Amino acid sequence: MTYFIVQSLNGLFSAALLFLIASGLTLAFGVMRIVNIAHGSFYMLGVYVAYTVAARTSSLLAGTLLAVLVVAAVGFLMQRLFLRRFAAQPLAQMMMTMGFALFFRDAALMIWGGDPFTLATPRWLAGSMEAGAIVFPWYRLFVIVIAALVGVGLWIINDRTLVGARVRATVDDPEIAATMGINVARLSGGVFAVGAALAAFGGVMGGPILGGYAGMDFDLLPLAFVVVIIGGMGSLKGALIGAVVVGMIDNFGKALVPELSYFTLFAPMVLMLALKPTGLYGRA
Amino acid sequence: MVALRAFVITPKLLLAGLCALFLLVAPPFLSAYWVGLLTQVVILGILAMSLDLLIGYTGLPSLGHAGFFGVAAYGVGVLSTTYHAGMWTSIAGGFLAGTLLAALFGLIVSHVRDVYFLMITMALGMVLWGLSFRWIPVTGGDNGISGIPRLEGLIGLPASGPIPFYYIALLVFAACMLLMTLLVRSPFGLTLQGIREHEPRMRSLGFNTWLHGYLSYVCAGAFASIAGIMWAYYNGFVSPTYLELTASSELFLMVTLGGPATLVGPVIGAGAIVILKNVMSAYTARWLLILGIIYIVTILWAPQGLWNLGKRR
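Residue numbers (the working numbering), protein chains in the order written: chain A, 1325 to 1608; chain B, 10 to 322.
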């Protein structure tokens, strides 16, 4: 029982990170119909920038803030200068993001070298929570809570504000949204930047445990895509449910059948596709 | 008029003829290094053409196409080393593995189009990569499988080495190109192009568009398997890098850079990428950075591909 609870908590930790990363991916997909291969790069750049800033200023908070801002700016510029002119051309956009993914990967290797590292755990979150026989690190619990707060924040913005209404309208039908006076191009830039920032934030949150290493960008990307495919492309609620499903399966799969862990992860996706190709909450 | 126009020598036809002549007569005068590169070009050319059937002719953008190539290569690798099977058994095994897998995956992906097709094929490609990487008892994991016997010796050619193998590869390439050309010009191929242009219209004309899309996917998988078999024999080993996402997307780049829906274009794309990669790697370790820039430049300035430059659409 203890084993089960601890593994479930670990699964929730993975789910928290996956949600932070996949929510940006699914939002950008919903608004722009873009398959963003460079999304894993935003996650990677987040950890690297935070690491550099934290090493210089010895402040994790400054590192986190700067990482999120820098990556948001990178995402915004990428959308503004390169992706916007290929609106409604999903293949051209995908190729473009693939080019950026390779570019960022090699640039990161050139700037930071290939040595793996981890971010420091904040001092006040060191140690573990102990409840009876269950021992669980405070930091992981903290990440779960933060991701839940981000989720609530995104839900409020998406469901209760004017910006959110514009985003939902654009997800439903970009052309009609444009005729209603919504500036779809500007909205897309904003959503893309926020998505990039969320991925970077996810990278920083995972930093003390998963750290940074060469190739981390393409390690996480398929998981984020599975989350989005299971949940339905463009749906925040779907991203949440998908993240929990994938996080749990990934953890239990790795613990129980390690040699087939990758396969156990993709099996539910294939099942989902066979039953409902658009995912749980997606629209065709 | 139509019959006459087919015989007019256009600059493009001339260029293609010169390329073919070069591939046919040049290798004996080149160093082993360059013969090796040309062998890579013709094998990856088969693969790029097979992806062109999907992207260019049917309008199905697959981002997991390296999967079939890799599975066929693994089929040859496993059969010829672990089970010591003969050459023809290994080739048949590799071909069946790749093609049957395409038939299976086709059932999953053939109901979706456009971006959904892109994402789902990508995810399926990642499944195959994950299996090749983690299913260590069969695939050898990250180390892959080495020690695949040379093809020239198995066939019973008196000479072995890069040149005889190159000509076997060229022969296979020519046969595949002929078959694919016949395929895309057949009524079946024309129907595929109709589906690419306007699927609902084709459906209302009474075509079973699902079946056409599905068969196109299986055919593309079969040709990719042939390329995978040749690749396994060329390298003498197989490893998970054959199935990586970057491999699938590089293929995608070959087709886009060369020009989709031309068959010749993707071969030129394959040639450009293979030669650039090897030449640049000699001068700089930053090949990925350059490749990334090639992607971006291609989309910005030659989105229809080199072979389609100057053609009005």
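Take the hints with a grain of salt, since some may be wrong.
[Said to hold, decoys possible] Calculated cross-link-like contacts (lysine to any residue; reagent style SDA-like; alpha-carbon spacing at most 20 Å): (1) A:K1578 - B:W144; (2) A:K1600 - B:L315; (3) A:K1600 - B:V306; (4) A:K1561 - A:F1441; (5) A:K1578 - B:H120; (6) A:K1578 - A:K1600; (7) A:K1561 - A:D1430; (8) A:K1600 - B:G115; (9) A:K1600 - A:L1401; (10) B:K286 - A:L1486; (11) A:K1600 - A:F1542; (12) B:K286 - A:K1600; (13) A:K1600 - B:G95; (14) A:K1578 - B:S119; (15) B:K286 - B:V306; (16) A:K1561 - A:Y1537; (17) A:K1561 - A:L1473; (18) A:K1600 - B:D123; (19) A:K1561 - A:W1479; (20) A:K1578 - B:G139; (21) B:K21 - B:K286; (22) A:K1600 - B:S119; (23) B:K286 - A:M1596.
It should be emphasised that the hints constitute simulated quantities derived from the structure, not laboratory data. Model, not experiment: these values are computed from the prediction.
Keeping to a limit of 20 Å between CA atoms, is the pair of B:K286 and B:V306 held or broken?
holds, 16 Å
Check whether the Cα positions of A:K1578 and B:W144 lie no farther apart than 20 Å.
Holds. A:K1578 to B:W144 sits at ~13 Å (cutoff 20 Å).
Straight-line alpha-carbon gap A:K1561 to A:L1473, limit 20 Å:
holds, 14 Å
Please verify whether B:K21 and B:K286 have alpha carbons no more than 20 Å apart.
violated, 25 Å
Do the alpha carbons of A:K1561 and A:D1430 lie within 20 Å of each other, as the hint requires?
violated, 34 Å
Does A:K1600 sit within 20 Å of A:K1578, going by the straight-line distance between their CA atoms?
violated, 27 Å
Verify the proposed pairing of A:K1600 with B:G95, using a straight-line Cα cut of 20 Å.
Violated, because 43 Å separates the two Cα atoms, which is more than 20 Å.
Below or equal to 20 Å on CA atoms is what counts here, so check A:K1561 against A:Y1537.
violated, 31 Å
Please verify whether A:K1600 and B:V306 have alpha carbons no more than 20 Å apart.
violated, 37 Å
Restraint check for A:K1578 with B:S119, where alpha carbons must lie at most 20 Å apart:
violated, 31 Å
Run the distance test for A:K1600 versus B:D123: straight-line Cα separation, threshold 20 Å.
holds, 16 Å
Check the hint pairing A:K1600 with A:F1542 against an upper bound of 20 Å on the C-alpha distance.
violated, 27 Å
Violated hints, listed in ascending order, are 2, 3, 4, 5, 6, 7, 9, 10, 11, 12, 13, 14, 16, 21 and 23; each of the other numbered hints is respected by the structure.
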